[in-house]
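Put the two chains together into one complex, using the hints given.
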Amino acid sequence: MKRSKDVLFSLVRPAVVLIGGLLLIEACSQTVMSQEAGATAGGETMKPRRPAARLELDSANVVLTGQFSAGTEVQPVKFDQPVTGRYFCLETLSAHDGRAYAAVAELDLLAASGRSLDRQGWRIVYADSEEHDREDGSAENAIDGNPATYWHTQWSSSSPNHPHHLVLDLGKSETIGGFRYLPRPGDGMVGGRIKDYRIYVGDNLLEENPPDSVLPEKCFLFSYFTGTGDDGLHLAYSLNGYRWEPLNHGNSILKPDVGDKLMRDPCLLLAPDGVFHLVWTAAWRGNYIGHALSTDLVHWSPQTIIPVMTNYPGAMNCWSPEIFWDAGKSEYVIFWASAVTNQFTGGAGKTGQADNNRIFGTTTADFQTFSETKLFFDPGFSVVDATLFPDKNRFYLAFRDDVTGHLRVAAANHPDGPFGAVGPILGTDPAVGPMLYRIGGQIIAGFIASGNRCGALKTVDFHHWEDISSGVFFPAGCEQGSVLELAGEKLKPLVQAGLLEMGTTPEASELGVGDWIWTTNVADRQACHLWRAFDIPPNPPVVRAELRMTADNSYTVYLDGREVGRGGDANSLAEYDLTLLLTPGHHVLAVEAFNDTLDAGVILGLRIKLANGKKIEVFSNPAWRVVTGNDRNWRVRKEADAAWFPAQVVGYAGKAWWQYPYKVIQVPPLQPPVVHFWQQGWVLAVLLLTCLTVAVLWVRQGLRLALQSRAHRLLERERARIARDIHDELGSGLTQLTLLGELVLRETPPESESRHRLKELCARARQVLRSMDEIVWAVNPHRDTVKDFAAFVSEYAQEYLASTAIRCRQEVAAELPAIPLDLPQRRNLMLAVKEAIRNAARHSGAEEVHLKVQLAGNILKVIVEDNGRGFSPAAASAARNGLTNMKRRLADIGGNFVLTTAPGKGCRITFSLPLPAHEKNFQIKP
Amino acid sequence: MSKKPDTPTAAAKLIRIALVEDLADVRDSWTRLIDGIPNFKCVCTFTDGEDALRRLPGEKVDVVLMDIRLPRMSGIACTARLKPLLPDTQILILTVSADSDTVFRALEAGADGYLLKRCSPEELQAAVLDVLKGGVPMTSEIARRVIASFRRQPAKSDAATKLTPREEEILTLLSKGFVSKTIAAQLGVSYETVRDHLKHIYEKLHVHSRGEAVARFQETQEAGED
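These protein sequence lines map, in sequence, to chains A and B.
Using the numbering used here, read the first sequence as starting at 1 and increasing by one per residue.
Using the numbering used here, read the second sequence as starting at 927 and increasing by one per residue.
Bound conformation, chain B alone (with noise of 0.2 Å):
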């Protein structure tokens, strides 16, 4: 699901962006939509995962559009791998549908967010600019499942992977389908806090789903699914 698009401000910094899709003349596309862009550069693509992960982290780039199906290894298990090893680096998977479901399980391995592979340049500029201010993409089902994803959770689990109070707030609140801004006005702080608590719940999300949702995600890959 895509966001609202937002206004482009002119960044001075360029912005380095990494493709890993296998199909070659979605992968020729993409990258001249890329390139198209303002301040926006293609200076990498890969054709499967494990190339990825062999060549990635050895290259200074700011976000990886990852495509969910790769031939071997799924966009899922590689983000899930390559995000512990490049932590700064965005990665927004790339889907062809917006099955809640698959969003998910992205989101847990480790994706920072998740793009529509059916959305305009526009959309793709917003989201990238998004992703790097720090947003994430937070629908009320997302929320939902993030709330029942941690209600999951072990007993003994820490302090860091349990959710503050104000946390769950938070997530309560947008299961219901508040937006961040209304959120933030309702809690009295500012957007910033709020998406920064969202942040922090993700990377709580991470810690403990991440083998996991690699592993969901190959099952029903086997099953034939998407």
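Isolated chain A, as found in the complex (with noise of 0.2 Å):
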């Protein structure tokens, strides 16, 4: 019988290879990395360093259609009429090897009379394809007098065919005659020499506009002075109110025409007419101001003098007028600082009376008719360099506080007063000519401290106000003004004229880095995360990858969801190699950035090297996206979520961003996340596929043991109720037929015949009880055991030996195991014990039997030994019958049986059975 201890370990062994199994599979199945095959090749290119442009070529400016001949030597062309513009455009139709390529390595152009024309001031401003990698063919070669050097169509990564185009730009409308033409030189194998060919010259060629996406949305701008103002107006521009980058190289860009040829302390204004209003400080001593109108910034009007204080007699100078379009009553509000003689007694500036100014204001709705001079604001002291700005329908006239030399504020419900009382100083500087305007939701007040210093403050309710002058880049040198707030587009004139170049400078592009991005709104402690996906074709591979970045305040960038750096050093730009990360396919990186107040921004720029020398480039610009809304997997989702805005430029490098030195600091390659070989999908099925078998033949076997126990259980109790059935109605119902047989036994007289008779039924029925009882002792499950065996074998020595003369003597050990022996056994062991004390009985004449019973090991032995006389083996035939059942009755259950006699030396049996290897359990049966 299986007992419970041997179906749990049978079943515990193949339980811990599944679970074993199970953790396995649990602790490898990271996600496996799918290698996705074709992904759509994508990337920028390297555009020429140009400012962009749209070819239009209109048939109308076509000058004529020709064909070069072959050949090296120069060509000379003369057009049929001379024609006027500032673009020539040479497009080329075919070259003479019949191939797709272009080259040009001189292009010349003439005058009417056939003199060439001065280059200066020419620039490409347009070639359609140039040859980079492999040798030096940009467009620019063709026009810097060096006959070695050409253009050339690209060769070495593609090949684009004709018709190619080369523009010029002249920099202003030419007579063009004709023009000549050098090949590129070389023997007659080389490509590009151009077969057909047509010129277009005209003014309108191209579409030159800055790409939109160089335009910021919006930007600051400020007008100023410097030194003494004898040079005109300087403006300078901010993409992010922090840092300024000033036009035109820090030249004016309107010289002073009126007055005393002085244009200090410009204020600037956008009429909601659009129209550009400047008024100025025109000269020291007077009662005029400067004014001028333009609608671009560039073309200015005439500048005029408004004399605003003929009123007053005694006024002795108009300073720092400043120009206010009041909605409410359409009109423009003018007001400047006056000193009037004997006007004002008290608090008068630093040098008397001259210096005690007051603010006089005047209105205007066309700058036609002026309204009376007023006084516009008198707060009891000498103020000059008054600037009014709106907030929350207040009025707010910050100025400078002559008496105590720093800056003060007061309010007002309507622009041009009154104004309530004058709030305490800003800052602690001594400071001139304040400047307000709104960085998101602060006001920054900036200022020109002592030592020509630019400084700022910040506040948010004209209450606090905070120093940030560290955080603020004024262009060196600079005088008061004003600044404005202005849509991007804005700038555009001043691009097109020249005197703003937006986007990266030269040097700063070698960095390899875009435009220094944001979102829109910047404010102090704020989190701005930045997307942006990008394809990687599946061949040719990648040979380099170069991320360098950095942020202003601190960035932590990932690759596909996996960090890759992160950074807080403005200064320097880290690089990060990320050349094994770039398998093919799409990717996505993220920027989580931080800034801690002022300035904010992100640049960076991702360099990729494929093996054919081709180049994709992801840098900082608006086609990053930011990220809005709670979506925790942004850092790796495959497409933009629609929500999400293009980034802001904020600045551009080597712009005001960048004027102090940087460096490069690399970090060393990061290597892609191994992918172990049991990480592998067939790996994982092939552990899943075992571990389910394993399951599988475990719930089998476990099953199966628990049918055979419970088969083995049923079989247990059917011998159960066997036995005391037999027991029960067998016994009893003998047990009443022997009372009834003694009763009847009673009731007969002594001498009869049935009285013998019935005797013998009644020892009958005995008999068949006795013989019952070891049955029923035989099929008993609750009797199995050995210490049972040797309790009935002991019982039966007993009392057989009791009804004879012979002493039963027994040695039956204590402490016998409860190992359970099967029905054969016990039955044959019984009957060949029995056997051996009968013969013992009847046949030994012995006067003492010895029933001993042991366990030697796990050998139980059963020893009957009589002292009787004995006999010789070989003889005997009767005895022999006896001795061969037995010994066959212990062959048959794998024991073994040794007769050990001799003639006067008693007899010895010794039955021997080896007992099944069980643990020794010597706890007696109840």
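It is worth saying that the hints were derived from the structure and are not from the lab.
Model, not experiment: these values are computed from the prediction.
Cβ atoms here follow ideal geometry from the backbone N, Cα and C, with glycine treated the same way.
Accuracy of the hints is not assured; some may be wrong.
[Said to hold, decoys possible] Below 30 Å or equal to it, Euclidean Cα-Cα: the simulated DSS-like pairs (lysine-lysine) are:
1. K1059/B with K759/A
2. K1088/B with K852/A
3. K1102/B with K759/A
4. K1125/B with K905/A
5. K834/A with K1102/B
6. K1102/B with K905/A
7. K1125/B with K852/A
8. K852/A with K1107/B
9. K1102/B with K861/A
10. K1102/B with K852/A
11. K1107/B with K834/A
12. K261/A with K492/A
[Unchecked claim] Derived coverage of chain A by chain B (criterion: at least 3 residues anywhere in the stretch with Cβ under 8 Å from a Cβ of chain B; other residues may be distant):
13. 726-735
14. 757-766
15. 805-818
Pasting the structure below:
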């Protein structure tokens, strides 16, 4: 019988394997790196560093269509009629060798007289294709005066076909009579020698707009003067309000024409009708201010003076005028500082009465008629450099308190006052020329401090001001002026006029980064998440990939959700080697940036070189998206969410952002995450299959064992039931029979025949009961141990021998184990022992029969020994039969029978039976 | 297991016998058998253990013949409860088979002897007279079990339940198959002395075994044994 412990062990082993296997799968099942094949190639290729332009060739601009001859000599071409235009376009239609390439060593333009035109101010404004990788075939070589260098269309990584276009910008309209073409030098085998061509000349050959991505959405414009103000109006722009870049390389863009030929304290206003108004201090002493208009900041109306203080004959000066648009009254409010002799007592400035200024103002709707000049603001002391700033239905007048020398603010509900109590001084330093503007939710007050230093204060409520001078960078040497917030497109004329170069400086572009980008509103303690996706083509493989980036103030950058690096030094670029990580397919770059205060921006450039020399570049620009919302997986999103909006350019590399030395710090190359052998799909599948198989087998085994033990238990129960039934029914029935027999026996007369018979009947019945006892004992499953066997044998021996004259001696081991014997074993052994005892009683003539029941190791020994006459084993056939039986019985159950006897030496029979190996259980069965 | 029939000595005193047996015809037969024996009278019969416990203490009885298998309370349980109530009454357990396990449990519970149901009237007479004289059943197997039972006792047992060396000696000799007469001869004491020792042994056995025996018997009864 299998015991529950056996069942348990045979089930535990496969269970361990199963659990172990499942744990193994758990540990290995990282996401298997899937290799997605076949993504579309993409990315940006190197563009020629020229203002991007769109060719708009009109057949009206065609001058002539012709054909060059083969060869290397210079070929002059004369036009039938001289033509006039700013742009000259050479269109190639075919080459002499029939291939796709075009090349020009030199291109000369001739005046109507045939004289070469001066190339001064020329530039190549458009070339559809240029070879850069294997040789220098840039279009500039066609006008560099060097016959050895030449323009060549691309031939190494791609070969775009004719027609090719080369466009010259002569800087201004010129009259062209013809041109000279110098073909590429070399032998007859070289390519690019142009055959058929067409010439266009005109003023509108190109739509030369700066691409929209270069122009910011909005920007700040600072109008100021330098030095004494003799050289006129200076402009500087800023994309974020903190760092300013002067236009026109720091030169003025408008020279003073009127008054004292002075242009100080310029104040610029963009009126609702789109016209820029400029007012300025035109003279040290005088009663007028300067005024001019412009629609594009490039071309200005003639400058005029407005004599604003004619009604005050004692007026000595009109300084730092400001112009403001009163939307409520649809009129311009103009105010300035004037000192009027003996007008005001007290509160004089440092030089006495001559410096006792007050703010006067006038209004006009058309600059034709002006309202009467009135006192605009009189705080009771000398005040200059007043500027007006609206905020939340209030109008704040910031000015310089000329007595203390500090800036102060007063507020009113209307642009023209009246102004309430003057607030405390702003900041700690004496300052002039407050200029107010807004960055996000904060109001900035720039000012000029002593020592020609520019500073700035920040507030949100006009009560608490924080000095942020260290974080604001006005142009060097600037004096006061005013700041305007403008839409970016307003800068377009300035760009077109060449006064403003948007975009990264050529020097900075060597760094391989884009522009500084950020989200639209800059705020302190602000997080900005930026996202960009790009594709790597399946072939050729990536040879090198470098990501350079930095941020103000800190960033963490992720590639495909995995952190690549982090940093926080805006002064240096960190360079990450991503070569091993850019496998073919779709990739996502994600940047988490954080701004502590003031400036904010992220600048980066990922340059990828492929095996065939082609480059893919991903730079920081408005193609990046600012991430909004709460998607936790934004770093691995394959496509941008519709709610995400383009990042805003807040600065250009090389411009105001990056005028201090930079470093490039290299980070060791990043390894791709290791895909271990066991993480591959098929390995996991095999493991899983194995575990499933083990699980199935385990369950089956368990079921089988359960069924087996159930069958066994049922059998046992049946046996017990049989034993009980025999015992109860047969036993009690037979007992009653004997009782009845006894009763009848009693009633029969002593001499009768039947008495004898009845006695026999009772004896027989008793015998039957005795046999039944034995059968029941044998069948009873609760009496199947060695211990029970020993008890039975002992009782039998004692009872049997008690009816003889033979003494019964016993030696039964006290601690016999509860090892079960199966039915054949018990029955055979019992019968054999009984036979031995009977033989001894009948044949041995002994006085004593010794019964020993012992356990030697795992062998059960039952010894029946008598001290009778013994016999010779060879003799006595009757005894032999019994002996044969005993031998057979033991052999049948795998035991042993040993007979030791000799005449006169008694007889000893040893029965030995090996017991199944089992745990010794010395508990006596209850 | 029954004993060698002893020659019945004529006792003038009437031996009053009670019978606890649930089967009616068996009860009937036994009653007639008992009454047929000279000087024996079956004075009362009971159908179950609870009945016996209620009424038996009120009766004047010398020997109780208790069937081991009774409807609710087992014969052994009844014996265990009855013996303290009637310490001078001898209780003989009636059992169909002489299974030494069952017999030993009955003896542990307090029975003074046992009898096979298939015994002849002579054997019944002999057994009753023997038990009245103070005889106790003792086969070598039972002696072994007694020894083992005492060995299982907790260490802190007092003199009331520990065997004396003489008692141990007697038990050991019994377990070896010696009969009481031979033991008496060997130890140089009288047969009665040996019998008294055995009586004492049983008393000690009863002290610590009675409750256990009942419980164990009930366990095995539930498991479907005799």
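Quick check: the stretch 805-818 of chain A, covered by chain B? Criterion 3+ residues, Cβ under 8 Å. Holds: 7 residues of the stretch 805-818 of chain A have a Cβ under 8 Å from chain B.
Taking only the CA atoms, is the gap from K1102/B to K905/A under or equal to 30 Å? holds (23 Å)
Take the C-alpha atoms of K1125/B and K852/A, compute the straight-line distance between them, and say whether it is at most 30 Å. holds (28 Å)
Between the alpha carbons of K1125/B and K905/A, is the straight-line distance 30 Å or under? Given pair K1125/B, K905/A is violated - Cα atoms ~40 Å apart, limit 30 Å.
Holds or violated: K1102/B to K861/A, with C-alpha atoms at most 30 Å apart: With a Cα-Cα distance of about 17 Å, the restraint between K1102/B and K861/A holds, given a limit of 30 Å.
Sort out whether K759/A lies within 30 Å of K1102/B, counting only the CA atoms. Status violated; Cα separation ~35 Å.
Within 8 Å of chain B's CB atoms, at least three CB atoms from the stretch 726-735 of chain A: coverage verdict: holds (count 5)
Given the proposed pairing of K834/A with K1102/B, does the C-alpha separation stay at or below 30 Å? Holds, at about 19 Å.
With a C-beta cutoff of 8 Å, work out whether three or more residues of the stretch 757-766 of chain A approach chain B closely enough for the coverage to hold. holds (count 3)
Mind checking the alpha carbons of K852/A and K1107/B for me, to see if they're no more than 30 Å apart? Between K852/A and K1107/B the Cα gap is close to 22 Å, so the pair holds against 30 Å.
Compare the distance between the alpha carbons of K261/A and K492/A with 30 Å, and conclude whether the hinted pair is satisfied. holds (29 Å)
Satisfaction of hint between K834/A and K1107/B, Cα-Cα up to 30 Å: Distance of about 26 Å is within 30 Å: holds.
Going down the numbered hints, you'll see the structure goes against 3, 4, while the others check out.
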